[in-house]
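A.B. asks: The whole structure should be built from the sequences, with the hints applied where relevant.
Just so you know, the sequences run in chain order A and B.
Each residue of the first sequence is one higher than the one before, counting from 70 in the working numbering.
Each residue of the second sequence is one higher than the one before, counting from 1054 in the working numbering.
Just so you know, not all the hints are guaranteed correct.
[Stated by the list, open to error] Reference listing, derived: stretches of chain B covered by chain A, where coverage requires no fewer than 3 residues with Cβ under 8 Å from a Cβ of chain A:
(1) 1071-1085
(2) 1140-1149
[Unchecked claim] Below, simulated BS3-like cross-link-like pairs (lysine-lysine); rule was C-alpha separation at most 30 Å, straight line:
(3) B:LYS1067 to A:LYS161
(4) A:LYS220 to A:LYS250
(5) B:LYS1303 to A:LYS193
(6) A:LYS186 to B:LYS1067
(7) B:LYS1246 to A:LYS161
(8) A:LYS193 to B:LYS1067
(9) A:LYS199 to A:LYS176
Derived from the structure by calculation, the hints contain no laboratory data.
Where a beta carbon is used, it is the ideal one built from N, C-alpha and C, also for glycine.
Spelled out from the first residue to the last, the chains are:
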Amino acid sequence: MAEPIIEVQDLYKSYGAVEAVRGVSFHVNEGEVFGLLGPNGAGKTSTVEILEGMRTPDRGTARVCGLDPERSGSAFKQTIGAVLQSTALPDKLKVKEALDLFASFYKDRASTDGLLKRFQLEEKREAFYKDLSGGQKQRLALAMALVNNPKVVFLDEPTAGLDPQVRREIYDIIEELRREKKTVLLTTHYIEEAERLCDRVAIIDHGKIIKTGTPRELKQSSAGTTRIEVRLARPATEAALRGLDGVSDFRTMGENYVLYAARAPQAIVSLVKHLEADNNELQSLEMYSPSLEDVFIELTGRRLRE
Amino acid sequence: MASNLVTNTWSLTKIRIRLAMRNKMFLFFSLLMPMVFLFLFVMVWGKGSPMKINFILGGIITLTVMGGFWGLSVQLVTFREQGILRRFRLTPLGAGPMLASSILANFILIVPFVFFELFIGKYILHMAVWGNLPAIFFLVMIGSAAFSAFGLVVASVTNTMQETQIINQLIWMVFLFLSGATIPLASFPDWIKRITLFSPATYLAVGLQSAATNQVVAFEILTEAAALVLGLLVAFEISRRIFRWEPEAKMPRSAKVWVLAALIPFVAFGAWENYSGRMLNRVNTMMSFIDRPVPGAVKPEMDQ
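C.D. replies: The following block contains the structure:
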């Protein structure tokens, strides 16, 4: 079996008293799109920035293409491309100039005209950076990450803060990278992004990886198959709800009760019967197919964006 | 490796020149402001001898050259605060080419401005002579590099734009008023003159005024040139070593003494000049020469 192209072993990183990364280990195979899924402050950016050579870990090892990101200097940087959580360029730098400038730093250079075309920036080639929309700036950031035909691409929250249409455009670009067999390490707190784009996902919270697998494997590992979120007129006891027919797990989430059910219809019928007997009322009921959000809730007791 | 450094430096230099030319503030401070000072100083002090125009022009070229100190420190801090440097950090570009490109771009940008100032001096203000042009451009070259490097040291030790502006103001005041660039050194009391010998700006101003008034041949400004070159090398190396790409990477207060470290060569040269009296002699001789009513007269013997 081929060596992993990214290897992370027992990584730690603290900022003063805050432990951002606490013993993170994972590997990424060549040609794989690997996702770090977790809420803000989970340690995703710190982990990626260590892999990009931007931060020094307190402990642990990180290898990208067999190189130590911190110590391999220029040789390492020739092999990677990256989109930072927020990219900034001088206001009066033109789009084409930015691509040509960044391409000039590398030995292996992609055609910047080709990148303009691919990222639909041809019409904006003479536009100043300050005059681009958020989506155009992010497309330019992605194009800049590919000017050196990198072996590994790091994308740190590439769609954060973008509107849904632009987000879908970015998804298309990442799917294209997958078809090209580029190795991509993606951080995100969007469930749909991880589910749609990633071959494998590591769920990270409080600086620790709590589960890794393909999206399908992770969803199959979820305790229930269907998540039923209900809001009741009056509080109900945990014991009563947990004991309902068809309910395999139960959680309280704010004012809502979350029931995990292998047989959803049976669980709903028994819930309604219980509420009638208890003189309680159902205010709302929503059903969800199993998702990575369920896995996250199951593992942490919180939603991803809480 | 070396060719990469050169290529990267040159790529970034070209972009920096373009960005500067699109910046109205840069054009205002580099072109318009020195012109305003030139005409103002000529109106106030330029009467009597056309050679005074040369002397004033020497000071104005000094201001133009020293402008890189302000411009580059502010630009570097802005780039760091906005996260622009972070993006460059992901590339194979190192701190050396990043800093060297700003120095090189600044030099390339100010050369046409210096030509323009000389042109105005000669054809609009009727300067007596062109001055020693090779010596002027030699000093412009090393002076612009040295003062750019001083600006980069300030940018490297300060954490915020506010802090940069405060430190710049303090240093700029010394450069402006205690160098001879704006107020002739000869008009100061002796003890102030002696203090000014510790300022890098004095070496540039006296060198350029001497060259502009045709008071020196190239080898006679070697001391000034040596002081500026040494200052450039020390300042560049300090700024390269303490360069920070990240906005959140703060420099401890104690690190601000690096600014003083950059001035070490001038402490040594200042002590030597105070001991030898060479530069003060030149200043006094130059003033007596430019006060003569007939321009372009025979160069007087230096007082020994």
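A.B. asks: For each hint given before, does the structure comply? Return the numbers of the non-compliant ones in rising order.
C.D. replies: 5 and 7
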